[in-house]
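Could you put the whole structure together from the sequences, leaning on the hints where they help?
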Amino acid sequence: MNRSLERQRNILDFTLASLLRRKGKNLSLLAIYIFIVFIIASVTFFTTALKREALLLLSEAPEMVVQRLSAGRHDLISHDYAEGIAAIRGVTAVTPRLWGYYFDPTTGANYTLLVPPAGTAVPGVVTVGAGVARNLGLAADDLLPLRSYRGESLLYTVEAVLSSESELIATDLVLMAAGDFQQLFNMPPGFAVDLAVSVANPRELATVAGKIVERYPDTRPILKSEILRTYDAIFDWRGGMMIVLLMAAVFSFLVFAWDKAAGLSAEERREIGILKSIGWETGDVLLLKFWEGCAVSLSAFCLGVLFAFVHVFVFSAPIFAPALKGWAVIYPAFRLTPEVSPLQLAILFFLTVVPYTVATIVPSWRAATIDPDAAMRQ
Amino acid sequence: MRRSDLFAIFLLVCTLLFVALLGYGELRQERDQAGREGNARLVRTLGLTDLALFTEARYTRHLSQADHHAPFQDHPLALEHFPSGSMVSPPLPWRRPL
Numbered sequence: 000m001n002r003s004l005e006r007q008r009n010i011l012d013f014t015l016a017s018l019l020r021r022k023g024k025n026l027s028l029l030a031i032y033i034f035i036v037f038i039i040a041s042v043t044f045f046t047t048a049l050k051r052e053a054l055l056l057l058s059e060a061p062e063m064v065v066q067r068l069s070a071g072r073h074d075l076i077s078h079d080y081a082e083g084i085a086a087i088r089g090v091t092a093v094t095p096r097l098w099g100y101y102f103d104p105t106t107g108a109n110y111t112l113l114v115p116p117a118g119t120a121v122p123g124v125v126t127v128g129a130g131v132a133r134n135l136g137l138a139a140d141d142l143l144p145l146r147s148y149r150g151e152s153l154l155y156t157v158e159a160v161l162s163s164e165s166e167l168i169a170t171d172l173v174l175m176a177a178g179d180f181q182q183l184f185n186m187p188p189g190f191a192v193d194l195a196v197s198v199a200n201p202r203e204l205a206t207v208a209g210k211i212v213e214r215y216p217d218t219r220p221i222l223k224s225e226i227l228r229t230y231d232a233i234f235d236w237r238g239g240m241m242i243v244l245l246m247a248a249v250f251s252f253l254v255f256a257w258d259k260a261a262g263l264s265a266e267e268r269r270e271i272g273i274l275k276s277i278g279w280e281t282g283d284v285l286l287l288k289f290w291e292g293c294a295v296s297l298s299a300f301c302l303g304v305l306f307a308f309v310h311v312f313v314f315s316a317p318i319f320a321p322a323l324k325g326w327a328v329i330y331p332a333f334r335l336t337p338e339v340s341p342l343q344l345a346i347l348f349f350l351t352v353v354p355y356t357v358a359t360i361v362p363s364w365r366a367a368t369i370d371p372d373a374a375m376r377q
Numbered sequence: 000m001r002r003s004d005l006f007a008i009f010l011l012v013c014t015l016l017f018v019a020l021l022g023y024g025e026l027r028q029e030r031d032q033a034g035r036e037g038n039a040r041l042v043r044t045l046g047l048t049d050l051a052l053f054t055e056a057r058y059t060r061h062l063s064q065a066d067h068h069a070p071f072q073d074h075p076l077a078l079e080h081f082p083s084g085s086m087v088s089p090p091l092p093w094r095r096p097l
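Going down the list, the sequences are from chains A and B. Residues 0 to 377 (numbering that gives the first Met the number 0) are what the first sequence spells out, left to right. Residues 0 to 97 (numbering that gives the first Met the number 0) are what the second sequence spells out, left to right.
Any given hint could turn out to be false.
[Stated by the list, open to error] When the alpha-carbon atoms are kept at most 25 Å apart in a straight line, the in silico SDA-like pairs for lysine to any residue are as follows:
(1) Lys210(A) x Ala65(B)
(2) Lys50(A) x Gly46(B)
(3) Lys50(A) x Leu20(B)
(4) Lys223(A) x Glu36(B)
Note that these hints are calculated values from the structure, not bench results.
Right, here's the structure in full:
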């Protein structure tokens with residue numbers, strides 16, 4: 000046992016010395032390898048954590064939202080619809096919702112204006128999200144000027160700024176009273192933007208949705224399960240940005256594999272020839288190459304994954320932020336809660352370490368089985 | 000010290016760091032629990048339906064509430080031109096027993 004372990008250690012010593020002899024080439028290879036693992040691991044960590052966050056938060060979303068469509072587009076819905084839907088068996092509550100978008104021409108930002116359904120908002124007073132406050136430099140008791148759809152300039156007192164912890168869901172929110180909302184958007188009374196519908200038995204949601212469409216063919220019910228599925232499909236690997244990242248990683252691996260599978264350099268072949276002529280067996284040479292592949296890929300895996308964890312969960316993925324922000328003026332500052340499982344690490348390990356190690360072994364086996372004299376003369 | 004020992008120490012340190020990461024993840028989950036509950040309460044109270052992740056266009060701000068094929072609503076040949084649009088899958092087919 001000890002002799003076998005000692006043999007492995009000797010070969011590993013030789014492998015590391017051999018790698019260090021070609022320091023420049025191997026370090027640059029390692030750096031690129033670490034970067035590829037870092038990108039793949041960062042994407043995996045970020046998307047998993049964000050999807051988990053969306054699932055946890057949006058499981059509290061309304062069970063069903065009913066929109067009215069007009070000429071194929073979302074339109075205002077009359078309170079009469081709410082009464083009709085409330086009469087459907089199984090429906091426990093129908094709450095008209097008032098929300099909309101306000102484009103601020105001075106900063107180019109889009110705000111989401113929302114009336115709290117509980118009707119707790121005080122007229123003339125607003126509560127703003129942390130992103131809105133940051134964008135406009137607002138604090139409690141400041142004034143928020145908005146221009147109404149009639150062209151009037153309206154001033155609202157900022158009562159409070161929502162906590163920075165809520166940025167992921169509320170960074171661009173402006174909460175206001177129903178009367179203020181209707182005045183700002185010149186909206187007729189008796190109408191809502193959509194309806195939030197609660198159902199006694201969640202298993203009846205699809206049936207109730209069917210009845211709503213049957214009774215009001217111009218409506219579009221959106222179930223909570225559909226909301227959750229929307230966020231489950233976000234950052235899908237087929238999406239533009241994701242496929243660019245994945246293709247870059249796959250092509251880099253192909254270059255690695257090609258470099259290895261295309262054969263060893265003349266210097267490496269001569270080295271194998273010398274080793275065989277001084278008594279190394281084919282198995283020893285293969286072990287040497289196996290340890291070489293392991294040393295490079297394990298180091299790249301460990302460092303790449305560690306850097307990715309720090310990048311995503313400590314520094315909030317600054318490399319992805321410009322792409323996620325796009326042309327938006329308001330972007331939530333949020334820190335994702337780590338969601339890393341041993342299974343996730345195992346998948347990353349098999350995706351990154353195994354292909355490289357295998358690609359190292361195959362050409363080495365070909366080189367290790369040739370005549371040492373021929374290998375040294377090449 | 001032999002190079003193989005140094006490499007073994009490196010791997011051991013990395014393994015310990017991995018375990019520390021998993022532990023840190025657990026710790027952060029506990030620490031973030033209050034914030035998560037607060038956010039869930041806000042979603043429930045305000046009836047929110049979407050994350051405020053992409054505020055650049057109305058159909059990216061409320062992904063679940065947008066019209067189907069929203070990027071094409073300006074004119075039939077309009078192409079999606081917001082970067083966030085490339086991270087979102089096309090709307091799911093709306094199939095429900097009627």
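Hints versus structure:
Taking the CA atoms of Lys210(A) and Ala65(B), the gap is about 22 Å. The hint holds against a cut of 25 Å. Between Lys50(A) and Gly46(B), the direct Cα distance comes to roughly 19 Å. Compliance with the 25 Å bound is thereby established for this hinted pair. Distance hint between Lys50(A) and Leu20(B) is fulfilled; the C-alpha atoms sit about 20 Å from each other, no more than 25 Å. Pair hint Lys223(A) plus Glu36(B) holds up; C-alpha atoms about 19 Å apart against a cutoff of 25 Å.
The structure shown violates none of the earlier numbered hints.
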